[in-house]
Amino acid sequence: MLEKVLFLLCLSSSVLAQQFCTPGASEGYKVRLSIKSALGDEAYAWNENEMFLFRATLAFAMRSQYNGKEFQVSDIIVCDETPRVSFWFVVKSPTSSQLVDKEDVERAVRQYRNRINGAFLLTDTYLEFIGIPPTLAAPVNPGTPPWLIVFGVVMGAVVAGIIVLAVSTVVQKKRKKNQEAEDEENEEETRVKTVENVTYENTCGVYNKSFSDDERLTRM
Amino acid sequence: MRLLFPNPGLKERIPSHEDLEKMEKEEAGDRPKWDNKAQYLLTCVGFCVGLGNVWRFPYLCQSHGGGAFMIPFLILLVLEGIPLLYLEFAIGQRLRKGSVGVWAAINPYLAGVGIASMTVSFLVGIYYNTITAWVMWYFFNSFQSPLPWSQCPLNANLTDLVSECKRSSPVDYFWYRSTLNTSDAIEESGGLQWWMVLCLVAAWTVLYICCIRGIETTGKAVYITSTLPYLVLTIFLIRGLTLKGSVDGIKFLFTPDLDELVNPSTWLDAGAQVFYSFSLAFGGLISFSSYNPVHNNCEQDAIIIAIINGCTAVFAATVIYSIIGFRATEQFDACLNENIVTLLNAFNLAEGTVTESNYDEMLQNFNSTASGSEVLQGLSLNTCNLRTFLSDGVEGTGLAFIVFTEAITKMPISPFWSALFFIMLFCLGLSTMFGSVEGVVVPLQDLNIFPKKCPKEVLTGIVCLTSVFIALIFTLQSGNYWLALFDSYAGSIPLLIIAFCEMIAVVYLYGIDRFNEDIEFMIGHKPSIFWQATWRVVSPLIVFVIFVFYFITKVTAKLTYITWNPNSANFPVLDTSPYPNWVYVIIFLLAGLPCLFIPGFALYKLLQKILPHKNHQ
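So the protein lines, in turn, are chains A and B. Here the first sequence stands for residues 1 to 220, where the numbers follow this note's numbering. Here the second sequence stands for residues 1001 to 1617, where the numbers follow this note's numbering.
The shape of chain A in the complex, shown without the other chains:
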């Protein structure tokens, strides 16, 4: 007798719970998993145990989000499972038999999305909560844009090259000029030397006062 009463109670409570969950429920969300697309050969089959894990993970998320409320696996009610691996779920409050608001569920899911994904080895694209947008990764902003660094390197090398070439041209020109000037000087010196040598030879044998001034010539 007692067992029959208990059995009827269980049945009615589960029926009551099932009444909450319908496809398109206002406080529920549709979930879609694409396990084969995500994992390929390493895909696992979806079965009752996986569903249990899902309900447990969601209960964990609700618990962690709302400290104090002890959500149980039985508070996560699932319905309308399809071969696609999609289903609807609603969350019942542990204390009353009221459904938790949509926004509260969303907040919990968003906060612990990573953990839920991790439990199933999936990502936001493959474990979809229809209606809850995935959280976007914050962009990485480097201090200096990388292109400026490459630009600086290239420009530095090129400008250095231009300076080297310009300086070498100027130095070459100066050297040419010096060379030309030296050539001219050498020509003049030899001319002067021959003239002075001639005068010295002409006056050989006669004491020439200019001889004492010849030191600058004889010094080689």
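Since the hints were made in silico from the structure, they are not lab data.
Straight-line Cα separation of at most 25 Å, SDA-like style, residue types lysine to any residue; simulated pairs:
1. K102/A with N1157/B
2. K176/A with I162/A
3. K36/A with A1334/B
4. K1554/B with P1599/B
5. K30/A with Q72/A
6. K1452/B with V167/A
7. K1220/B with V167/A
8. K173/A with T1205/B
9. K1456/B with L165/A
10. K177/A with E1026/B
11. K36/A with C1335/B
12. K176/A with D1030/B
13. K1453/B with I162/A
14. K173/A with R1031/B
15. K1166/B with E128/A
16. K1251/B with Y1230/B
17. K174/A with Q1445/B
18. K1453/B with E184/A
19. K173/A with K1033/B
20. K1244/B with N1337/B
21. K174/A with I1462/B
22. K1244/B with K1410/B
23. K173/A with D1035/B
24. K1244/B with P1256/B
25. K1220/B with G156/A
26. K1244/B with A38/A
27. K1166/B with L1379/B
28. K1456/B with E180/A
29. K1410/B with L39/A
30. K1220/B with I162/A
31. K36/A with E1351/B
32. K177/A with Q1445/B
33. K69/A with S26/A
Remember, predicted model here, so these are calculated numbers, not experimental data.
Dock chain B against the given chain A, drawing on the hints supplied.
Just chain B now, kept in the frame of chain A:
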């Protein structure tokens, strides 16, 4: 009796054969010389092989019947390209002057042709080096992973992707917004984009250091800039052939459609492509040939360079289309998978029920049931057609900066492939710029505008600096539209007119008999009947026909241009807008002014002669 216009005083203006032999023996050190033949050939190949071989020829090939396009291309290469090339090489080698010097020596009234060449070289150089600046920008941005054009940036409050990027694609966004920051129309100039100005300065500085001492420095630079593209193309070919779908691309490119041969625009486009591909009438080739020894075999050179140019075009087309085939296959697969997922979600079937192989029959199954077809109508399934993706009109900057960059993001180690691709484009652009700068600096020296003492480095510097300032117009927000304008008008009509005048001048003013004797003196045998026929009749006729058709097409076409307008209804498809009225003035300046130099200078010389001499005493 050959047709020859009277040309008094020609013998006094040009060095005789004996003078040339003397110059050769004494090695007058005034004029620069090539270190070796390889430098000369590499410089000419670099000048001819440019960005057009990579992004214009493959498009023309694919859109004009694939393999069938080779027929008009090869025929016109032989009848139009090689004769003109040989003519420019021979006349430069014979008269040993730059473009202004050569035409002034043939007849003083003709110097306008040289001035027109110089102007066109200058205008084309300005916008061509801006494209090189864009290539440098992409090159600088290749050194990061992931590549900046592989994903959309987030909007200000980090809730979603930027709308403009979401509606189009990350590569489109990076090109039109991050790089160009385009305005909606050419009238809205916007301001200078500082990052573009930096890249522009970088491009001109690199060009300056390579051209600083004329062929002394460019001759060394071409060892790298002319050979690297071939190396990179080979690497890309090997990489491309290992990617899925590449063979489809190559097949699509070369599948002949012989019906296209009846279409006159195929022949016109082939002729125009041969003409522009050889960089004729810029004056650069004449200049480069004038540094050759007198007895250099220019006939052989012309044939070699023409063959290399043609083969490079075909080779580059193969590489480009192998990568395009890969990209199209990726897009097709993505499109099909999207449809499959939509179907699976709508009918709640398990994954793997609908695959690429049974997609069509599953679709039919659904359509056959009443409820199924209702659901199907509600979905918006994409039409996935591989041919549509393959024939995605891809030429010009769109090919390099949108299509190819997208393909690169799908390859593993993308930053490496990106850097490699853009360094290849950079080398292609730079080596063409060498010829352009030569075509501007040498005529300036010949015209004695600057004092003779002015060293070549300073003159080149002045040319580069002036070009940078004018090119700042392309760094405005409307810069892309200005560049398209320059591309359409500055580098098209004037070149055809100059080339026509060149041929008439050499054949009928200088005299084909004298020219034949010169060639016999230089290379040892007279040019054969083939050259006689092409120089005197066939090539001028072809150039004239192309010019007439081009002129008529440009004049009768409505002046419109395509714009990137995020606010338009068709976005992301590019909008066609009409040009404002003042553009007509710009077009006249770009296309008309260089051409007007030819009669203008003749008139000026005439007036100088006629007016009383007391003004000049």
